[in-house]
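S.K.: Chain E: place on chain B using the hints.
2 protein chains.
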Amino acid sequence: MSVINIALLGMGTVGTGVVKILTNNAHNISQKVGIPVVIKKILVRNLTKARTVTTEAELVTNMEEILNDPDISIVVEIMGGEIPSKDYMLAALKAGKHVVTANKDVVSKYGRELFEAAEASQVDFLFEASVGGGIPIIRPLKQCLAANQITEIMGIVNGTTNYMLTKMSNEKLDYADVLAEAQAKGYAESDPTADVGGFDAARKIAILASIAFGVRITLDDVSIEGITNISIQDIEYAKELGFIIKLLAIAKQNEQGINVRVHPALLPASHPLASVNDVYNAIFVKGDAVGETMFYGRGAGELPTASAVVADIIDVARDIRHHVSSRILCTCFDQKPIYPVNKIESPYYIRLLVEDKPGVLAAIAGAFGAQQVSLHSVIQKRKVEGSTELVLITYRVSDENIRLAMSTLLGMSVVSKLGSVIRVEAEQIS
Amino acid sequence: MSVINIALLGMGTVGTGVVKILTNNAHNISQKVGIPVVIKKILVRNLTKARTVTTEAELVTNMEEILNDPDISIVVEIMGGEIPSKDYMLAALKAGKHVVTANKDVVSKYGRELFEAAEASQVDFLFEASVGGGIPIIRPLKQCLAANQITEIMGIVNGTTNYMLTKMSNEKLDYADVLAEAQAKGYAESDPTADVGGFDAARKIAILASIAFGVRITLDDVSIEGITNISIQDIEYAKELGFIIKLLAIAKQNEQGINVRVHPALLPASHPLASVNDVYNAIFVKGDAVGETMFYGRGAGELPTASAVVADIIDVARDIRHHVSSRILCTCFDQKPIYPVNKIESPYYIRLLVEDKPGVLAAIAGAFGAQQVSLHSVIQKRKVEGSTELVLITYRVSDENIRLAMSTLLGMSVVSKLGSVIRVEAEQIS
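Going down the list, the sequences are from chains B and E. Under my numbering, residue 430 is the last one in the first sequence; the count climbs by one each step, no gaps. Under my numbering, residue 860 is the last one in the second sequence; the count climbs by one each step, no gaps.
These are computed hints drawn from the structure, not numbers from a lab. Treat the hints with care, as some may be off.
[To be verified] Not everything, but these chain B residues come out facing chain E in the computed CB check (under 7 Å): (1) M294; (2) G297; (3) V397.
Beta carbons: idealized from backbone N, C-alpha and C, even for Gly.
Extracted from the complex, chain B is given alone in its bound form (with noise of 0.2 Å):
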C-alpha cells in the first residue's frame, strides 16, 4: 500500500475544509501517517456546482461508487442530518471501510448500531468531530482520562447560544434583537429551535455522558430547557449578584443513577466555564483521579471542525499503517439508572414582582419555608409600576418543592408577577 484513499460523502462547509487541510498539510500528515493520505472520490448531489476549493478528486453522486471502490479504505460522512447519512454510514462500515464522522445526530441516535457494525467487521468508527467542533474531547474521554470515573461533565456546547448570551451581556440588549443579529450573521439558522430550545447541545451531551459514564444515553434521556425565556434582566441581576447565565449540558452521576440536562443556569463568575465566551465552546470534567479539568475552543466552523475530522483520519490511517482496527471501540458496558431532571436538588434564582407594602417580604419568606425552601439571599430591585421586583437565591432545594412553592406565591394577592426561575450551578451555595 502506497497511499491510503479515502472519500467524503459531502462538500459543504465542513468537507471543504477537510480538502483544504488534507492539502495545505499534506506533507506533514503523510510524515506522521508514513504514507500519503489522498481523497479519492466525493460524494456530491450536484456535479456541476461551483466550489471554493479545488481537489483532484472524483466527484460522484453515487454512494455505490464508493461502497464498490477497492481501494477506498476511509469513508469520512460530512453531510449531516440524518437520511441518508446513516445508512451511507452502516454502508460503508458492512463494506469493510473505517469511518469517520462529524454527525452527532445519528451518533447519539444510532451510536450502538454504528458500534456494532464497526465491531463486526473489524474496522474504526470514530466521531471526534460530533461534540465541540475542534475541540478534543471524545479521544481526551475515551483515552486520556480512562482511568478515572467521571462523575460530571458541564460543557457549552453551542456555539449560537453562547454568542447570543455573551452579547446580551456585554451589550445589555434583549433575547430578540441578539436572535435577529445572530440570523443575520449567519450564526443562527432562520428555524433557531435547534440551538435556541437546547437540543443540539442536548444530542452533544448525550454522547458526552454515554463515553464519560460506560453507559447508552439516549436523547430520550435528556431533559432539556432552552434559552428563549433569558431576559436582559436576568442577566444584569445574576452579574450584580456574581453569577453568569450560561447554556449548560450538564451530565451527573452518583449512587443514584445518572442525570442528564440541558439548561440556562446561574454559574459563579470564577467557574472556568463562566469566562467561555461568543462562538467558543468548552467541557468541563470532573474525575476521581484527574480533579477538574477543562478543554476550550472553537466549537464549530469550517476549519476548526474539519481539524478534529482529519485527526480522525490520520487515526484510522496510523490503525491502517499498523494492520491493527477497531482498538477503542463502544465503551458503553453498563446499565444504570437515569433519574429526571425533578429529582435534582439545586440552588435557583427567582424573580417576582411584588406589592410594595409593608409585611410583604415576610409572607413570601413564609410561603418559601412552607414548601421547605430556605433562601440565600433577597435582594429588593427597581420598582416596576407600584410594585417591586424581588430577586432571590435559594438554598439547594428539589425542583417538585420549587414548583409547590412557585405555585403557592402566585396564588398570593401580593405577587403580582413570577419573572424567572433558574437553576444555580454553585456548589458553595448548600
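M.R.: Relative to the frame of chain B, chain E by itself:
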C-alpha cells in the same frame, strides 16, 4: 494472556496514586482493556518502609527482578530524576517491555534515545504525565490536533509559581512572604530554584514544542527567566492597566524558525490563561485549522498525575491486546532553526523611578524614541522619596532595542532607578 502484568519503578507520591487508581477503578479499567491490569512488582529502595496504601504487588529492590520477569509487559517509571531512571527505562525498552513515564527531566533530555530504543524493540513509550500532570496534552497534540500546523503554544505549566503569583495578586503579599508560605505548605521545595527559576517549566515546554513542531527541542534551546524579580507593585500596576502577570512557557513557530522561552509576562485579563489561578495549569495551543484551544486542570499531585500515568498504561494495554505497538512514536521529523529570545519583538512593561520635575517625561520619551521604541501608554504612579514612579507600556519592539533604551535611560541623571522590565504577550498592542 489473562492479565496484563506491570511493574512500577518507585512508590512515592505518584506511585501511591497509581496503586490507588488501579485498585479502586480495577473493574472499570479491566472492562476498557478487556482483561485485568495487575501490578506484579514494585521497585523500592526500602522494603520495610511504612506505606500509605496496601498492595499485593511484590516489593523488590533490584531492577533485574523486573527486567528478567517475562510476565511483566509494562514498566512504569515514576521515581523521577535522571539517575537511575533513564538507564532503567532504556534497559526496560531493550528488554522488550513497554515503558510509561512521568519523568519530564529524562523525556526532555533523552527523548530521542528512548524513542529509538522503543522503535528498535517495537514497543510503546508514553509520557502523558510528564507535562501538565493530569491534563491531557501530549496525546491531544500527537493525535487530536495532528491535522494542524501548530503555530503557538503558551502554557502555565508550573503550579508552584502560579500559586505564588495568584497569592501575591489576591492578597497583595510580597514575593518573599509568599515563597515562605508555599514552602511551609509543601508547594515549594526548600531549594525552590527549579520552580521559581523557570527550569521546570522550561523542561515541559521543550517537550511540548518538540511534539507540536515536529522538531527535537531540548532544554538548551529554551531561554529561561524566572519570577524572582516580580514585585507586588508590578502585579498591582499591571492589574490597573488590565493585565495579569503569569509565568509563561511559550513556543512559537514562524518563517524564521522556532522560539522557545520561559519568562514572566503581562497577559490581557481577557486572555483564557489569565484566569488560570492557584496550582492549576493550562496550555493554550494555536493551530492553523483548529484556531485557539486550551487544556486546563491540575498540573501536579498524587492522583492527577497518576490519572495520566494510568491512561498511558491503559493505552499500552489496549495495544498489547490488539497485538500492535509503537503505533505513534517520535514525531520529530524536521529540523528548523531555533531563534534566540533577543530576536523576539514584543511590547514591554517598564517601571522607572524618575525625578519629579518638568520636562522629565519629554526627556524619557525622547530616549525611547532614539532607540525606535514607541510608547503605547505612560502612567505616573505614586511619589517615592521625592521621585515619581513611571509605568510605561511600549509598542512591539526588539529585545535588543529595549536593552539599548534601558541602558540610555540608566545613564540619564533624571532617572533614579529602573524598577522592572517585563514582556507583554498581547496581540492588540502591535
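S.K.: If a hint holds in the structure, say so; if it does not, say that too.
M.R.: Consistency of the hints with the structure:
| no. | hint | verdict |
| --- | --- | --- |
| 1 | M294 | holds, 4 Å |
| 2 | G297 | holds, 3 Å |
| 3 | V397 | violated, 30 Å |
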